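Asker: Protein sequence lines, in the order shown, are assigned to chains A, B, C and D. 1 is the number of the first residue of the first sequence in our numbering; add one for each residue after it. 1 is the number of the first residue of the second sequence in our numbering; add one for each residue after it. 1 is the number of the first residue of the third sequence in our numbering; add one for each residue after it. 1 is the number of the first residue of the fourth sequence in our numbering; add one for each residue after it.
None of these hints come from the bench; they were simulated from the model. These numbers were taken from a predicted model, which means no experiment stands behind them. Backbone N, C-alpha and C fix where the C-beta goes; we use that ideal spot for every residue, glycine too. Since no wrong hints were added, every one of them can be taken at face value.
Just the calculated beta-carbon pair ranges, DEER-fashion:
{"hint": "1", "chain 1": "A", "residue 1": "19", "chain 2": "B", "residue 2": "13", "range": "17 to 23 Å"}
{"hint": "2", "chain 1": "A", "residue 1": "129", "chain 2": "D", "residue 2": "7", "range": "37 to 43 Å"}
{"hint": "3", "chain 1": "D", "residue 1": "184", "chain 2": "C", "residue 2": "74", "range": "24 to 30 Å"}
{"hint": "4", "chain 1": "D", "residue 1": "127", "chain 2": "C", "residue 2": "287", "range": "43 to 49 Å"}
{"hint": "5", "chain 1": "D", "residue 1": "85", "chain 2": "A", "residue 2": "186", "range": "52 to 58 Å"}
{"hint": "6", "chain 1": "C", "residue 1": "8", "chain 2": "B", "residue 2": "225", "range": "38 to 44 Å"}
There are 4 protein chains.
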Amino acid sequence: MPLTQDQIAEIEAARATSRTTLRAVSEGMEAHLYKAHEVLDHGFVRVIDYMGDDSAIVQAARVSYGAGTKHVSNDEGLIRYLMRHWHSTPFEMCELKLHVKLPVFVARQWIRHRTANVNEYSARYSILDREFYIPAPEQLAAQSTVNNQGRGEVLTGEEAARVLELLKSDAGRAYDHYEAMLSQEGQQGLARELARMNLPANIYTQWYWKVDLHNLFHFLRLRADAHAQYEIRVYADAICKVVADWVPLAYAAFEDYRMGGATLSSKALECVRRMLKGEEVTQETSGMSKGEWREFMGVIG
Amino acid sequence: MPLTQDQIAEIEAARATSRTTLRAVSEGMEAHLYKAHEVLDHGFVRVIDYMGDDSAIVQAARVSYGAGTKHVSNDEGLIRYLMRHWHSTPFEMCELKLHVKLPVFVARQWIRHRTANVNEYSARYSILDREFYIPAPEQLAAQSTVNNQGRGEVLTGEEAARVLELLKSDAGRAYDHYEAMLSQEGQQGLARELARMNLPANIYTQWYWKVDLHNLFHFLRLRADAHAQYEIRVYADAICKVVADWVPLAYAAFEDYRMGGATLSSKALECVRRMLKGEEVTQETSGMSKGEWREFMGVIG
Amino acid sequence: MPLTQDQIAEIEAARATSRTTLRAVSEGMEAHLYKAHEVLDHGFVRVIDYMGDDSAIVQAARVSYGAGTKHVSNDEGLIRYLMRHWHSTPFEMCELKLHVKLPVFVARQWIRHRTANVNEYSARYSILDREFYIPAPEQLAAQSTVNNQGRGEVLTGEEAARVLELLKSDAGRAYDHYEAMLSQEGQQGLARELARMNLPANIYTQWYWKVDLHNLFHFLRLRADAHAQYEIRVYADAICKVVADWVPLAYAAFEDYRMGGATLSSKALECVRRMLKGEEVTQETSGMSKGEWREFMGVIG
Amino acid sequence: MPLTQDQIAEIEAARATSRTTLRAVSEGMEAHLYKAHEVLDHGFVRVIDYMGDDSAIVQAARVSYGAGTKHVSNDEGLIRYLMRHWHSTPFEMCELKLHVKLPVFVARQWIRHRTANVNEYSARYSILDREFYIPAPEQLAAQSTVNNQGRGEVLTGEEAARVLELLKSDAGRAYDHYEAMLSQEGQQGLARELARMNLPANIYTQWYWKVDLHNLFHFLRLRADAHAQYEIRVYADAICKVVADWVPLAYAAFEDYRMGGATLSSKALECVRRMLKGEEVTQETSGMSKGEWREFMGVIG
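From just these sequences and the hints, can you work out the full model?
Answerer: Encoded structure:
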C-alpha cells in the first residue's frame, strides 16, 4: 500500500478545509484534489493544485483570435478547432501541479519532458525509503523478437520465478547495505550523497511536477501511447482520467485529434486518394518502405 | 480612462461570484482578482488567476531538500535561504496569470522574456482600437548625454509642445488611414493583416500573460530596475505591488536579495576586503575599469 | 535593394577567408554562408553560422536508440523513421544562426516562437533606418470574405493606388517626424527610446536568430504553410531552401511527413476506413462538423 | 581507462580529417575536438562540435545595443560589460556539443538543467556495459556533521574498506543478474526495459549534450561551485578548461563576475557601508540571521 497513515491523515485534513475563492473552479478537479490515485505497487499520482478550466482556454482564444473565433459559436467547437489547427497557446493558460511517487527508471524517462517545473525528493539530503518496484507477474515480459524496444510474451514458470527472486533479493540487499553504509553506530557513516549510488533503478522517488495543459497533452500523447513502456504508461493513464474530469472539452478534443488520430505523410495521403479512386495500391507501388507501409496498413486497416 | 463600461461591469460580475475550493488560497491575492490597476494613460494590469502561495514554496522546498531544510525552522527563514542560494525550483511552484493592456513598443520588450505563456490580441483577425500612448509632460525626456540608452532632462517649452503635437497627430492620422483602408464602403477593403502595418508602436495591444514566480522575479528584477525604460517599469512596479500581497515572504526576500542587492565581482570583493583592513583603494589600484569602478562606488558609497 | 555597399563588401570579405576545421562541414551550407537572400522589398535572410549536418542527426539517434536503430540500415531510412515517429531530440543536435532583416509586424509574429536565441537591433540605443515595407501591387489583397484571418482578391484600380499612397506617405511622414524629434539642432532632442514610438509596424528591423533544427522545422511547418501570412511565409520559404541544402535527408523527410502530410482525427480515420470498404460517407454520417468535413475533403480529395 | 581501442581509433580518425569552412573557427577549441578528457574512473567529456567564439558574442552585442556599445571600445571591455550587466542574449549566440560518459546519479543531477538538448544512451533499446563508478579512497567521505547536504571527513581503515567492498560486490552482483535475466540461452530472456531496473545508480551512461554558452555558464556556476557534489564538480571543472580555451574573454569575465563574485543582499550592502565608515557591526546589529551573517563573513573576511 503506497500511503502511510500519516499521509492519509494529511490528505483527509487537506480535503476537510475548503475556502472561498473568486478564481475559476473546476468541480471535476475539486473532487480529485490531494487524493492519491494508486499506480504500480507503491506509486501514486495526486493533484496538489490546478489553474483554469475549459473556459480559460476559450477566454484566451477569444482574445487572441478575436472576431476570428466568432463564427465558431460554442466552446466545444472552438476548442476542437484550436486542437485541430495546432493553436497551442490557449491550452497553455491551464496549469496542473501533481505530487507523484514513481520508480527512478520511470522518473528518468519522465524528466526528459523539459517544459515543466520539478521539485524532486533529494537523496543527497535525505534517506530514501525501502520501497522498490517489483513487476506483477503479468508484466514480467520477455524481450520482443519483433523490435528492439518492446516486450514480447510474458515469462512463465521457473524463469519468471527466478527473475522475481533476483529483483527482490538484489533490491533488499542493496538497501541493507545502503543502511549499513549510512549507519553512524560504531562508525563514521558514509555521506548520503555517496551511499545512494548503491541503490537500484527500481527504488521509488517522488516529486512535485507542474506543467501547463499544452505540454501535458504532449506528454500524454507520447506516454499514454501503446509504444510507451508500461511502467510510465500507467502513470499517463492515471493522469488522463484526472484531466478528463478537469477540462472535459479539451480532453475530448485531445482524444479525438491526438490519441486517436494519426499523421499521414504526403506519400500515404496520395495512396489514400488513389485507393479511394478504386486503384489497388501495394507496398511496391506506394513509394513507401516496408516499415512505413506496415504502419500505414495498421492505421487505415 | 482605460476601462470601458462593459469591462467594469464584467469585473464586478466576476468579483461577485465566489466559490469554494480545496486549493491553497492567498487572501491578499483574492482582493486583487480581476481588478484593473491602471498604468500609463490607457493601460492596465489585472490578475486573472493564480496558483499557490508562500506555503507552496515551502512545501516544495521541504520535499526537495528534505531533512536538509529542517534546521531552518520557520517558513520565512527557509524562503530567505532559498532566495539567497539561488534555489529557484520551489519558486516555480507558484503561477500567475495577468491580463495586460500595453503599448506595442512595451510589448516588444516584454515578450523577450521567453519562459512565459502568452495569448495576444491579434490585429490579423481583429481591428485594433483607437488608443495610443502619449507620454505625460514629465516623461517627455531628452536623450541622455551620459549614456546612449537612457533619458536626460525633461523637454520643456516649445519643443515639448511640438513633440506632443507630432505624436498625437501622427497617431490620429495613421489610425484614420487604417480605418479608411479597412473600410468596405464603396470599396473592397484592405485585409486586416496588411492594414495594421500602418499603425505606430504606441498603439495599445493586450494579452494574457502567464508565468511562474521564479521567472516573474527575473522579469521584475530587470524591468523594475532603475535602468529599465520608464514605460515598462511602471508595469513592473504595478506587478510588484500585487506580488507583495500574494506571496509576502517571497517578495520580501526578493526585495532584499535581488532588488536591493548587488553582485560584486571577485575584483570588487577584493577591494572591499582591502578597504575594510584600512587600505585606501583607488580606481587605479583596484584592477577595475573606470566604468566598473564608478558602478562599484555607486554600490558601496 | 536591401544591401548597402558596406554590407556587400563585408559579405565578400567574410566569404574570402576560409579556414580549416575538424568539425562536420556541410558543403551545401558553406555555399550559403553570409550571402543575403533577398526577401520582400528591403529584407533578407543570411546564414551566419551552423552546427552539424545529416550525419549529426544519425549519430545522435544511434547513441540514443543504440541497437534499436540497427535494423534501419541506412541514414535516409533512419532519418525518415525518426521524423515519422516524432523522435525530435536527434534533430535538436543541429543548430542554425541567421541574420534577418524584416518588418516589425513580421518580427512580432516570428518572436512568438520562444525556443530560439535572439539579438535584435535596439531602437532604444540606436536610430532606425528609413526603410519601410510597401507591398508589391499583387500582394495588396482585400480582407477575405470566407474567413476572418486571410486575404481575398487583390485590390485594383484607384483603391490599390490610394492604399499604396497612404502607406508610403504615412511612413515617410512618421520617419520625418521621428528625425525631427530626435534632432539636437537647436533643441534638446527627444530620447530615442521615446521617439521610436512614432514609427509604424512596417519599418524594418533586424536580428540574429539562432535555433535548433527541430524547433526550426516547427517554425517552418507553421510559417511556410499556406495559412501563414504572406509576409512571413516568404521568409520561411527562403529558409526552407537553405535548409534543403544544409541537411538534405532531414529536409526531404520534413517535406514528406510535415509539410505534405496531414493529421487525421480518429473520426476522420474511421471515415477513411469506411470509405475504403466501399461505404458512401457524408458529412452528416461522418460525425464531423461542417468545418472539419470541409478540411477533411480538402485532404483526401 | 574509459576508452576502448575502437573509440581511440575513432577519435584519431576524426581528428585526422580536416576540412575548410567559412565559419568562425576557435583555434583553442579545434585542439580539443573529439579528444576525451578523462573524469572519475570511467567517465569522460569530449567536444563534438561548437558554434561561435568570442567575436560572435561581440557581433551580437553590437547589433543589439548598436551605438550604445561604441563607447566600450574593445572586445574584452564589451564582454565584461555584458557579463556585469546580465545581458545574457549575446552569450546565447555560442553553442557547444559534448559527448559525456557519466554515472547515472550524476546524470540525474545534470539533467535538471532543462535548457539544453540531450540524446542519452537508452537502456530500453540497448544493453549497458559493465562499468560502475567506485569512489577513489580519498573521496570516500562521511556525512557532514555541519550540514545535511555535504561531506565530512574521509573514511578510513576498516570502514572505508567495507564500503568499497560493498559497492563493488553489489554492483558486480547486480550486473551478473542483469545479464542472467537478459540471457536468451535456455530461456526467453527478460525485456531490456525491465532488466535495467536492477542496476544501481553508479552504473555509467552516456549522452550527447548541447547547450548555449549562457546556459552553460549557469550550469558551471552551480556545478563547479564548492557546494556541488564532487562527482559532478569534476565534470564541470573539465568543461571549464575547455571553455577557457574556446572563448577566453568570455570565460575570464565569467570567472571574475560569476565564479569569483558574490551577490550581497541590501542588508549586507548596508553593513559594508557602515563598516567602511568605521562602525563596528556585529551579527546582532546587522539585521541578518546567524546563517546569513556567517556567509557574509565568509565573503568579506
